[in-house]
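Participant: Residues per chain are reported as follows:
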Amino acid sequence: MDHIHWGLLIVSYLFLGGISAGLFFISGLATYLQETGSPIYPRIARVGAMLAPWPISLGSLLLVFDLGRWYRFYKLFTTFTWHSPMSIGAWFLLLFTVVALAYFWAWLPGDLVARAAASVPRRLRFLRILDWPGREGLRRRLAAVGFPLSLGVGIYTGVLLGAVQSRPFWNTNLVAQIFLFSALSTGCATAILALCLGGTALDSRGARLLYGVDISLILLEFFLVVPYVIHGELSPLAAQQALRLILGGPFTFAFWGLFVGLGLLAPLLLELWEIRPLLLDRGEFHASRILAAVTALLVIFGGFVLRYVFVFAGQMTSFE
Amino acid sequence: MRERLGLKKKRWVIVLDTRKCIDCKACVVACKAENGVPIGQFRNWINGETGGDYPRLFASFEPEQCHHCERPSCVRVCPTGASYRRSDGLVLVDADDCIGCGYCIIACPYNARYFNRETRVVDKCTMCAHRVDEGKLPACVETCPTKVRVFGDLEDPKGAPRTLLSTHRYEVKKKQTGNDPHLFYLL
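Chains as they are written, first to last, in the numbering used here: chain A, 27 to 346; chain B, 554 to 740.
Read the hints as simulated data drawn from the structure, not as lab findings.
All C-beta atoms, glycine included, are put in the ideal place defined by N, C-alpha and C.
Some hints could be false.
Said to hold, decoys possible - From the derived model, a few chain B residues whose C-beta atoms are all more than 12 Å from chain A:
1. ASN588
2. PHE614
3. ALA635
4. GLY653
5. ILE659
6. LEU717
As the list claims (entries may be wrong) - Computed, partial: chain A to chain B, Cβ under 10 Å:
7. TRP32
8. LEU34
9. SER86
10. THR104
11. ALA189
12. GLN341
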């Protein structure tokens, strides 16, 4: 009777939701880090704000079309079931997307909004309110409101799996945190990638922030993945059997080679290498756009593989 | 008095005397006919196990279906409340409120739920609630030729389930998941 009910659509949604949460988190952080009243990292804050609402919107669409009856998705928002992780998550998702869109609007370049407002036809002139001058003042407040929501979206994707006591591969108290830190890390990497593709290399201050945060997050992931495996091995038989899927079973290469190796270890070493001059105060910092883009792609790829392995492997495990 | 007025709480259960099971699958067929279960999908099934070395052999058959748990994890994870537990213990799905997300299918330790291909929502054993409410037996119980299945009210002190469970050793499946399953297997 064992079937896979949640497939690639769910994997993609968990992945895209995590990226948005991470983008918002890093952008909010950059908005808050100020020196004499102005942000130190305006480019990072803006790129995060510009991108944050979109991956999760796409992910939500995928989620809706994964439902047996997609047009009933509104029922998620006519009810609130406090004991269902999915119900809590749906509300987090909705609130986060609304705040992320408002935050996007607050960070839109002023001249762009002014030009757009000027070209609005007379009949739609109420839209000109979008060119409200107090817009920029909302950035910090929206970041403050969005912080807990982004963390909620990031961690709930793991809680969704971890709270299922019938699947021993998921049912540990570490899965939620692995998903959270991976979400923030992939968001951070997406910001790095966007800055690289934007045409200019990172300056040394920006690099110190983005790489510093990402290195911390990757290290945190190590501190969760290793105990996850060790603790699982020291758990009741069902958990040990579940771990066989990544210890010799069909997901061994994906988990250790693609996620831990290519998705955590390789970018960790590359990022440490990149900011070595900043850490050691020796040598010249020369941001390499290609290296930064490759590093970011590895982190993003690793985040996808993590979710792929967990969603599929988890459904294959059960109590005997 | 409460009993005569029909106010006493009921708790419908099935007790299975699996040694009587001959794997004829009449219960599976009766269920599909009664409930219109799509071809290739099942609300109940029989776990068969054979083993040993010739000529010392064994065969055992265990019918299984939804365990109508006291603390069902499927109901806990349902985001819309479409999965619910009736006061008489039956775990049911309101097909009009189900959005077909599949979370309950994954959360059930017994894999007792399935995604109905025709209705596009989640479906499961109802213990034939529509028959039980009319005072009839569930289809699988009524049809079983070897009387493996005993249906009744666990709260009734003189009822068949209570009598069987008082006078036999029995087990429930996968109770370590904490669902408190109520499908009883006599040993």
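Participant: With reference to the structure, classify each hint as holding or not holding.
Facilitator: Evaluation of the provided hints:
no.: 1; hint: ASN588; verdict: holds, 17 Å
no.: 2; hint: PHE614; verdict: holds, 16 Å
no.: 3; hint: ALA635; verdict: violated, 8 Å
no.: 4; hint: GLY653; verdict: violated, 2 Å
no.: 5; hint: ILE659; verdict: violated, 6 Å
no.: 6; hint: LEU717; verdict: holds, 26 Å
no.: 7; hint: TRP32; verdict: holds, 6 Å
no.: 8; hint: LEU34; verdict: violated, 14 Å
no.: 9; hint: SER86; verdict: violated, 13 Å
no.: 10; hint: THR104; verdict: holds, 8 Å
no.: 11; hint: ALA189; verdict: holds, 7 Å
no.: 12; hint: GLN341; verdict: holds, 6 Å
Checked against the numbered hints given earlier, the structure breaks hints 3, 4, 5, 8, 9 and satisfies all the rest.
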